[in-house]
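A.B. asks: As a plain string of letters, each chain reads:
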Amino acid sequence: MSVLLRAADLVKRPVVTLAGDDIAQIKDVVYSSLSGELAGFTLNGRGMFAGPLKKTLPWANVHGLGPAAVMIVDESHLADQRAFDGELEGAGGVVLGSVVLTQGGRSLGTVTDVVLSVNEKSTDAVGYEIQPSDKTAPRRQFVPLPDALSVSGEALILPDTAIDFIRDDLAGFGAAVEEFRARLGPHAVRPAEVPAEAPAEGPVEGRTEAQTTGEPPQ
Amino acid sequence: MDVWQWLVLVLGVLVLLTAVFYGIQARRRKGSVLAQRSRGTRPGNPPGGRS
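These protein sequence lines map, in sequence, to chains A and B.
When we follow full-length UniProt numbering, the leftmost residue of the first sequence carries the number 1, and every step to the right adds one.
When we follow full-length UniProt numbering, the leftmost residue of the second sequence carries the number 1, and every step to the right adds one.
Derived from the structure by calculation, the hints contain no laboratory data.
One should not assume that every hint holds.
[Claimed, not checked] No more than 27 Å apart at the CA atoms, straight line, and that leaves these computed lysine-lysine pairs for BS3-like:
#1 A:12 with A:135
#2 A:54 with B:30
#3 A:54 with A:12
#4 A:12 with B:30
#5 A:55 with A:121
#6 A:55 with B:30
#7 A:12 with A:55
[Said to hold, decoys possible] To give an idea of the interface, some chain B residues facing chain A are shown, with a C-beta separation under 7 Å as derived from the structure:
#8 14
#9 26
#10 29
#11 36
Just so you know, even glycine gets a beta-carbon here, dropped at the ideal spot from N, CA and C.
Looking at chain B on its own, in the form it has when it is part of the complex (with noise of 0.2 Å):
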């Protein structure tokens, strides 16, 4: 193969590379609203740093 066809190949691969982690990582990042099963992490005080 010719180098031009070599430097497309590669692009190639790396812009698939990219898109699979970009995939992953924002199935990752997908949020939802969870319920805590108990509350022993509830905090006490109000927001406001007046702790």
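So here's chain A without its partners, still in its complex pose (with noise of 0.2 Å):
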């Protein structure tokens, strides 16, 4: 079972401590463009005036997530910066404004949130939040991604076949998700994405995510 969570709700959440030290905040949500598995988070320190934080939480150092705060066991697990340095020049970087285009060349709009599907064994962006280019469609609308995705420097390009599982709401996303991978082939579905016999969604069993599970846009 998996939950569906948009990235951006993640931004600016707690990082506590299951001692219960508030020890930071989180920056950037992190996911790797080739494979959209998420890496971890850039952290804030905590405080009106505070800045970026030199360290990092990578995603295998969290011990829960919550819709109130990003657990982890201690301070320890906080990782060194040089874990994203390097990796975030060139294609890649910021996501959001960012275009969303197809293979055939058709713009589908701009990118306004990443939607991460979390589940036991792994934690994916599996479809991004856009803003229609088209001004007679909703004001957001969701596209399934690819298992391998494709991010140059300024475009996201999507298959074509993208644009008949686009969505108005995250509720049955998950299902078009699924189908769009396996139109796509066998070969583009990750065998942890899809259970053989688990739903798309729902809660995620030991873990305290109950949001936007079938929210309907904003």
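These two chains come separately, so use the hints to put the complex back together.
C.D. replies: Shown next, in the form of structure tokens:
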């Protein structure tokens, strides 16, 4: 089972240790531009005048992800900033505001958020929330991502078939992602992402994240 | 200038500097969603301290 949530919802969420110390705040959500897998977070310090921290939080070190906080065991689970250095240059970088194009050259819109699928095995980027180029379309739409992503310096490229799986809200978007990846071919779907007998959405066992599943767009 | 005028001036400068510093930090703190170029640092273990 997996839970869908918007990546931007994680920004500014406090990072708290199991001892109860509020040690940081999420700054950036970082995911692989090739596989879509969530890599981790960059951090801000706490307090009005605090700036970005030199430490980062790899996803592997997250103990629990809840609507109020990101939990870690203790401060030693924060990693060095070099864990992400050099990986954000060239292709990739800031996704929000990027143009989404199909392989046929059609512009679908600009990215306003990234939809993450959180499950027991992994956490992956499975879709973009976009502001459509088409003025007659709803204000927000959700476009599924293939298993292997294609990210250039300025545009995000999707297969033409992605148009058939655009949804207006997150309800049912998980199923649309599965169908989209199934249509692209068996090699486009990682086994960990689509459990054979589990539904695509619902509460994740052992986690406390309970938001945004089926949430209508703002 | 009188002493109170100097005090007002110093306080004003302090407030201005604080506001500028806060604005700079607020811009530095602004978060986003980033795509990595490669999967070099991709974690292989699920979260939960079970690694």
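A.B. asks: Take the hints in turn and mark each one as holding or not.
C.D. replies: Verification of the supplied hints:
1. A:12 with A:135: Answer violated: residue 12 (chain A) to residue 135 (chain A) is near 31 Å, above 27 Å.
2. A:54 with B:30: Roughly 15 Å separates the two Cα atoms, so the pair holds.
3. A:54 with A:12: 16 Å, holds
4. A:12 with B:30: OK: residue 12 (chain A) and residue 30 (chain B) at ~9 Å, within 27 Å.
5. A:55 with A:121: 25 Å, holds
6. A:55 with B:30: Holds - the C-alpha atoms of residue 30 (chain B) and residue 55 (chain A) are around 16 Å apart, at most 27 Å.
7. A:12 with A:55: Holds: residue 12 (chain A) and residue 55 (chain A) sit about 16 Å apart, inside 27 Å.
8. 14: Result: violated, 14 Å to nearest chain A Cβ.
9. 26: Result: violated, 9 Å to nearest chain A Cβ.
10. 29: 5 Å, holds
11. 36: With Cβ-Cβ at 4 Å, under 7 Å, it holds.
Of the numbered hints stated above, those contradicted by the structure are hints 1, 8 and 9, listed in ascending order.
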